[in-house]
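Asker: Sequence:
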Amino acid sequence: MKIDKLLEEEMKDPEFARGFEKESEKLDTAIALYKAREEAGLTQADLAERAHTTQATIARIERGDNVSFEKLSQIANALGKRVKISLI
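Residues 93 to 180 (my numbering) make up the sequence shown, in order.
Hints are supplied without guarantee of correctness; some may be wrong.
Unchecked claim - Here are the computed distance ranges between Cβ atoms for each label pair:
1. Arg152 / Lys94: 19 to 25 Å
2. Lys114 / Leu171: 23 to 29 Å
3. Asp120 / Ala148: 35 to 41 Å
4. Lys94 / Asn169: 26 to 32 Å
5. Ala148 / Leu171: 14 to 20 Å
6. Glu102 / Lys176: 26 to 32 Å
7. Ala151 / Phe108: 25 to 31 Å
What the hints assert, rightly or not - Derived DSSO-like pairs: lysine-lysine, alpha-carbon spacing no greater than 27 Å straight-line:
8. Lys114 / Lys94
9. Lys173 / Lys127
10. Lys104 / Lys114
11. Lys163 / Lys114
12. Lys114 / Lys97
Keep in mind the hints are simulated off the structure, nothing from the lab.
Quick reminder that beta carbons are idealized off the backbone N, C-alpha and C, glycines included.
Using the sequences provided together with the hints, build the complete structure.
Answerer: Listed below in structure tokens is the structure:
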């Protein structure tokens, strides 16, 4: 069975769908932060210093761990960016 078909079947289960969406949102945040940091030419340690946080915090967020809006906004500002939220 192809992954798309398997995912389509699994998404019929409301509990699976909720979990999948939750993890997808965290992954989106992780990827966005990683790309922005890389585009700025910064290491995790460089960004952490600019954002007044730790390298471990940056690493956890880039791994997909949960992050508060306040912390994400602080990091975005250190990159010269801001956080934009969309409810879709």
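Asker: Sort out which numbered hints this structure fails and list those numbers smallest first.
Answerer: 1, 3, 4
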